[in-house]
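These protein sequence lines are chains A and U, in that order. Residue numbers for the first sequence follow the numbering used here, so the first one is 1 and each next one is one higher. Residue numbers for the second sequence follow the numbering used here, so the first one is 1 and each next one is one higher.
Don't read these hints as lab results, they were simulated from the structure. All figures in this text were calculated on a predicted structure; none of them were measured in a lab. Among the clues, some could well be false.
[As the list claims (entries may be wrong)] Restraint ranges, calculated between C-beta atoms of paired labels, are given here:
no., chain 1, residue 1, chain 2, residue 2, range
1, U, Leu-181, A, Ala-150, 53 to 59 Å
2, A, Gln-215, U, Leu-28, 44 to 50 Å
3, U, Ala-188, A, Ala-150, 45 to 51 Å
4, U, Ala-188, A, Ser-187, 17 to 23 Å
5, A, Asn-197, U, Leu-16, 37 to 43 Å
6, U, His-8, A, Asn-197, 39 to 45 Å
7, A, Asp-128, U, Lys-2, 47 to 53 Å
8, A, Arg-42, U, Lys-2, 43 to 49 Å
9, A, Tyr-38, U, Leu-199, 33 to 39 Å
[As the list claims (entries may be wrong)] Listed below are the simulated DSSO-like cross-link pairs for lysine-lysine, each with C-alpha atoms no more than 30 Å apart in a straight line:
no., chain 1, residue 1, chain 2, residue 2
10, U, Lys-2, A, Lys-162
11, A, Lys-241, A, Lys-211
12, U, Lys-2, A, Lys-100
13, U, Lys-150, A, Lys-146
14, A, Lys-162, A, Lys-146
Where a beta carbon is used, it is the ideal one built from N, C-alpha and C, also for glycine.
Residues per chain are reported as follows:
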Amino acid sequence: MYRIVYFCFCFCFCFFRVIRVFRGSGLAFEMIKFNQVYKRYRGGYEALKNVSFEIAEGEMVFLTGHSGAGKSTLLNLIAAIERPNSGSVVVKGQNVGSLKGAALPYLRRNLGLVFQDHKLLFDRSVFDNVMLPLQICGFDHRESAKRVRAALDKVGLLPREKANPIALSGGEQQRLCIARAIVNRPSILLADEPTGNLDTDYAADIMGIFKSFHQVGVTLLIASHDAGILRQFGARMLTLKQGELQQ
Amino acid sequence: MKNWLIQHVRVLLFTLRRLRATPGSSLLNILVIGIALSLPAGMYVLLQNVQNLAEQVAGTPQISVFLSMDASRDDIARIGRQLKQHEAVGQVEFVPREQALEQIKRTTGLTDVIGGLTQNPLPDAFVVYPKKLGSQALETLRDELQKWPKLEHVQLDSAWARKLEALLKFGRLAALILAVLLSFALVAVTFNTIRLQILTQRDEIEVSKLIGATNAFIRRPFLYFGLLQGLLGGGAAWLIIMTSLYLLNGSLAGLVQLYASSFTLRPPSAGNTLALLGFSAYLGWLGAWLSVAQHLWQIEPR
Chain A
1 MYRIVYFCFC FCFCFFRVIR VFRGSGLAFE MIKFNQVYKR YRGGYEALKN VSFEIAEGEM
61 VFLTGHSGAG KSTLLNLIAA IERPNSGSVV VKGQNVGSLK GAALPYLRRN LGLVFQDHKL
121 LFDRSVFDNV MLPLQICGFD HRESAKRVRA ALDKVGLLPR EKANPIALSG GEQQRLCIAR
181 AIVNRPSILL ADEPTGNLDT DYAADIMGIF KSFHQVGVTL LIASHDAGIL RQFGARMLTL
241 KQGELQQ
Chain U
1 MKNWLIQHVR VLLFTLRRLR ATPGSSLLNI LVIGIALSLP AGMYVLLQNV QNLAEQVAGT
61 PQISVFLSMD ASRDDIARIG RQLKQHEAVG QVEFVPREQA LEQIKRTTGL TDVIGGLTQN
121 PLPDAFVVYP KKLGSQALET LRDELQKWPK LEHVQLDSAW ARKLEALLKF GRLAALILAV
181 LLSFALVAVT FNTIRLQILT QRDEIEVSKL IGATNAFIRR PFLYFGLLQG LLGGGAAWLI
241 IMTSLYLLNG SLAGLVQLYA SSFTLRPPSA GNTLALLGFS AYLGWLGAWL SVAQHLWQIE
301 PR
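Extracted from the complex, chain A is given alone in its bound form (with noise of 0.2 Å):
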């Protein structure tokens, strides 16, 4: 057990050395990298059929298609929520897909998920739901404070900070969301229909925020089925169609 986090520590140790030899060299790194990835639920219901594709560190990139097409199953595999039936999922080097149970908080302490039902804590104010994923790590309580209430700042939710999340509007809640998954400062952010069903202006407010994140140098996977409000930002799409990834 020990010696698998000791492993992991030292793998990551030269993984970083290693990015550090790429960034100087000008060359972009792959942060999630999809290689024939098939994903089949029981029933034999097909969500993905060989997709493959490559994020480079700090892009910004769109996915879109029609509900069911398998966005949400893409977004699941890189977070290990699922696991592919074949092919590799890789993140930031690792090997998703074949992660040990114990290995997968590590991981997800990397990425920071919007989800589409927000999936918000309403027995704690806006604060303590954002100072959550900092507790979880152990950070040092005053610095959490300073930090949750910079990533509460950031989306204009700070003077909530005392409100249960219930008395937040749709477009509040998801910018709440999002205060959760940027505190940890992750360098990869997975949101899912992050404008899912929010107006033009609530919409266009958040896709702001995306595209402050992506100037900082995040990774960002945002994927909608409203192709319309994505083209606007002119970042590069991939579109799945029944699970297949148009090119």
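Following the hints, put chain U in place on chain A, whose structure we already have.
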């Protein structure tokens, strides 16, 4: 290290707050655990007291060795020496027949009857105080002395002590069985409480897993809760026992006065109290651990 400690203290405070957030059910749970534990523990305390009383009343057991009427002074001296040298014998006291007769005259008030006797019917005797007090050791010693020459009779009045000991043994076994059964009840109570907590915190557990919580992190507050609940239950059991002893002592005082004795029920010793608290805390922790192990894996993020 410091960070680790702070995290644990924070979980402990969080658990206390959770206990206080639902005072009604927390109190009931603690009371159930307290009552369940106070039965065997209280029984044990009572048995301990009965044993103390028995020892107090019986004093040290002794063996009376009566010599034959035809034993000469040399025989007496020889037997006295042998007894003193015997390894199982602690102290030996010689009671000459004349002294025994005097004693009977004084204590029983049969002066007239004894005065009518033409000769002293009592034999010389030794009172032997054995080193080992177990009934087994006493009987072995008696059987051995019985075989010595010039001894008429060796009397060990330990029958009632043996009966009492057997009774205490029985009582202790009953207390043990009760303790084992109620321990299961305690584990079950904690198991169920934690199960309910896990179910109501399903969302929190799922979200925590999604943002990188280790299983140890998720398990920790539940284990602390079980531990704390068990500990408080043990405290409740201790309070119940102390209150019962206080009430019993109150009514016992009147009874004991009639026998001109000063007997009070003694509370459990500090060691026993600590053992009670430690044991109940452990059982609470065990119940929580079993519950978490059973239910946590069912909550996987989808």
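Checked hints:
Between U/Leu-181 and A/Ala-150, the C-beta spacing of about 57 Å keeps the proposed range 53 to 59 Å intact. A C-beta distance of roughly 57 Å is found between A/Gln-215 and U/Leu-28, which places it outside the suggested range of 44 to 50 Å. Between U/Ala-188 and A/Ala-150 the C-beta distance comes to about 47 Å, which sits within the given range of 45 to 51 Å. Between U/Ala-188 and A/Ser-187 the Cβ separation comes to about 47 Å, which falls outside the hinted range of 17 to 23 Å.
The given range of 37 to 43 Å is respected by A/Asn-197 and U/Leu-16, whose C-beta atoms sit roughly 40 Å from each other. In this structure the supplied range 39 to 45 Å holds for U/His-8 paired with A/Asn-197, their Cβ-Cβ distance being about 41 Å. Take A/Asp-128 and U/Lys-2: their Cβ atoms lie about 23 Å apart, and the range 47 to 53 Å is violated. Separation of A/Arg-42 from U/Lys-2 is about 48 Å and conforms to the stated range, judged on CB atoms against 43 to 49 Å.
Between A/Tyr-38 and U/Leu-199 the beta carbons are some 35 Å apart, a value that agrees with the proposed interval 33 to 39 Å. Between the alpha carbons of U/Lys-2 and A/Lys-162 the distance comes to roughly 29 Å, so the proposed pair stays at or under 30 Å and holds. Simply put, A/Lys-241 and A/Lys-211 have alpha-carbon atoms about 26 Å apart, close enough for the 30 Å limit, and the pair holds. Under the criterion of a C-alpha separation no larger than 30 Å, the hint pairing U/Lys-2 with A/Lys-100 is consistent with the structure, at around 29 Å.
For the hint linking U/Lys-150 to A/Lys-146, the alpha-carbon distance of about 98 Å lies beyond 30 Å, and the restraint is violated. Straight-line distance between C-alpha atoms of A/Lys-162 and A/Lys-146 comes to about 15 Å, which keeps the hinted pair within the 30 Å bound.
Going through the hint list in order, the structure does not satisfy hints 2, 4, 7, 13.
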